[in-house]
Amino acid sequence: EGKKVVEIGCGRGEYLQILAGCDVDASGIEYGLDSVSFAREIGLDVTQMFIETGGEIIPDGPFEGFLLLNFLEHLPDPSSVLAGIHKNLRDGGIGLVEVPNFDMIVEKSLFTEFVADHLFYFSRDTLSTTLTRNGFNLIACDESWHGYTISAVVQKREPINFSKADDLRKQMCMEFESFLNQYPNKQVAIWGAGHQAFAVMSLANLKDKICYVVDSALFKQDHFTPGTHIPIVSPERFFDKPACAIVVIAGSYTSEVVDIIKGKYLDNVDIAILENYKLEVVSGKV
1 EGKKVVEIGC GRGEYLQILA GCDVDASGIE YGLDSVSFAR EIGLDVTQMF
51 IETGGEIIPD GPFEGFLLLN FLEHLPDPSS VLAGIHKNLR DGGIGLVEVP
101 NFDMIVEKSL FTEFVADHLF YFSRDTLSTT LTRNGFNLIA CDESWHGYTI
151 SAVVQKREPI NFSKADDLRK QMCMEFESFL NQYPNKQVAI WGAGHQAFAV
201 MSLANLKDKI CYVVDSALFK QDHFTPGTHI PIVSPERFFD KPACAIVVIA
251 GSYTSEVVDI IKGKYLDNVD IAILENYKLE VVSGKV
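Each residue of the sequence shown is one higher than the last, beginning at 1 in full-length UniProt numbering.
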């Protein structure tokens, strides 16, 4: 009741007139000036505009709902238009998208349906993929009007919230800084030359703060870490001339690596591990 609904490519307002009889605040956008003028003359709220880049702001938005009826197939860049619709919807906004059914065209050999102004042809699968790839969750997608049309009901999908991950990253970087400050002159090593360890080294800006990285994989030894350019050495190198402290970032092998280090009785080496992005000292004086 009273929700704002916009029709994209509303033409002369045929569907807007139907919406006017419902208890919604209906408006439309249309590029054709003659159609816009006609719709306005019969009392409809229509703006002359076209979504081209996806960044356009539709007047009177944001909207709770939208209609895109037999228009998507005419657009040279459907993704940009869908992005623009997504931008102008409220959280949880819903929409109805209808296109000619390409599956029926093929099945019944409807060669007269191939027309110059239809730039795209959609099956149920390709329409579903197009909508989900452009920020919408698919609620329903069915054939209508004797199979001639595909009707999809969609809902705006919100972007994944990475704020918690960013908070963990910041906390991890602070813990690394605090830990490394106790060992001046690059006296700390890292055990683990996997992708997670590489990411940690880059994100925590460890390029000039770690003396070397230890890894048992022969093909990694005598090379450098990507991004941070820290030398990768063998475990034997560490055991022969150990650093003052070592941080183990070895995923599911972390406990095993800690046991190996402790088994060498390196009493003067402090050992820390990174678990769930938290730095924990497991052995030593720190």
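Since the hints were derived computationally from the structure, they do not count as laboratory data.
Treat the hints loosely; a few may be bogus.
[As the list claims (entries may be wrong)] Keeping only pairs whose Cα atoms sit at most 16 Å apart, straight-line, the calculated EDC-like set for lysine to aspartate or glutamate is: (1) 4 / 25; (2) 4 / 52; (3) 3 / 64; (4) 87 / 45; (5) 87 / 52; (6) 3 / 60; (7) 170 / 275; (8) 4 / 60; (9) 262 / 236; (10) 3 / 34; (11) 264 / 222; (12) 3 / 91; (13) 220 / 208; (14) 87 / 158; (15) 207 / 177.
[To be verified] Now the in silico label distances, taken between C-beta atoms and shown as ranges: (16) 203 / 234: 40 to 50 Å; (17) 54 / 227: 27 to 37 Å; (18) 236 / 178: 39 to 49 Å; (19) 170 / 2: 21 to 31 Å; (20) 275 / 2: 23 to 33 Å; (21) 282 / 164: 49 to 59 Å; (22) 92 / 54: 18 to 28 Å; (23) 277 / 74: 23 to 33 Å; (24) 282 / 195: 21 to 31 Å; (25) 142 / 50: 23 to 33 Å; (26) 203 / 21: 48 to 58 Å.
Glycine is no exception: its CB is placed at the ideal position from the N, C-alpha and C atoms.
Results for each hint:
1. 4 / 25: With Cα atoms ~5 Å apart, residue 4 and residue 25 stay inside 16 Å; holds.
2. 4 / 52: Measuring from Cα to Cα gives roughly 22 Å; hence the hint is violated.
3. 3 / 64: holds, 6 Å
4. 87 / 45: This hinted pair is violated, its Cα atoms lying about 20 Å apart.
5. 87 / 52: holds, 13 Å
6. 3 / 60: The given pair, whose Cα atoms are some 12 Å apart, holds under the 16 Å limit.
7. 170 / 275: OK: residue 170 and residue 275 at ~15 Å, within 16 Å.
8. 4 / 60: holds, 8 Å
9. 262 / 236: Given that 16 Å is the threshold and the Cα spacing comes to 14 Å, the pair holds.
10. 3 / 34: violated, 28 Å
11. 264 / 222: Violated: residue 264 and residue 222 sit about 23 Å apart, past 16 Å.
12. 3 / 91: Status holds; Cα separation ~13 Å.
13. 220 / 208: violated, 20 Å
14. 87 / 158: holds, 10 Å
15. 207 / 177: holds, 12 Å
16. 203 / 234: 40 to 50 Å: violated, 26 Å
17. 54 / 227: 27 to 37 Å: At roughly 32 Å between Cβ atoms, residue 227 and residue 54 fall inside 27 to 37 Å, so the hint holds.
18. 236 / 178: 39 to 49 Å: Violated - the Cβ-Cβ distance for residue 236 and residue 178, about 30 Å, lies outside 39 to 49 Å.
19. 170 / 2: 21 to 31 Å: Since residue 170 and residue 2 have Cβ atoms about 43 Å apart, the given range 21 to 31 Å is violated.
20. 275 / 2: 23 to 33 Å: With Cβ atoms ~52 Å apart, the hint is violated.
21. 282 / 164: 49 to 59 Å: With Cβ atoms ~26 Å apart, the hint is violated.
22. 92 / 54: 18 to 28 Å: Check passed, 20 Å falls within 18 to 28 Å.
23. 277 / 74: 23 to 33 Å: 49 Å Cβ-Cβ, so the 23 to 33 Å window is violated.
24. 282 / 195: 21 to 31 Å: For residue 195 against residue 282, whose Cβ atoms are near 23 Å apart, the range 21 to 31 Å holds.
25. 142 / 50: 23 to 33 Å: Check passed, 29 Å falls within 23 to 33 Å.
26. 203 / 21: 48 to 58 Å: Holds, since residue 203 and residue 21 (Cβ atoms, about 57 Å apart) stay within the stated range.
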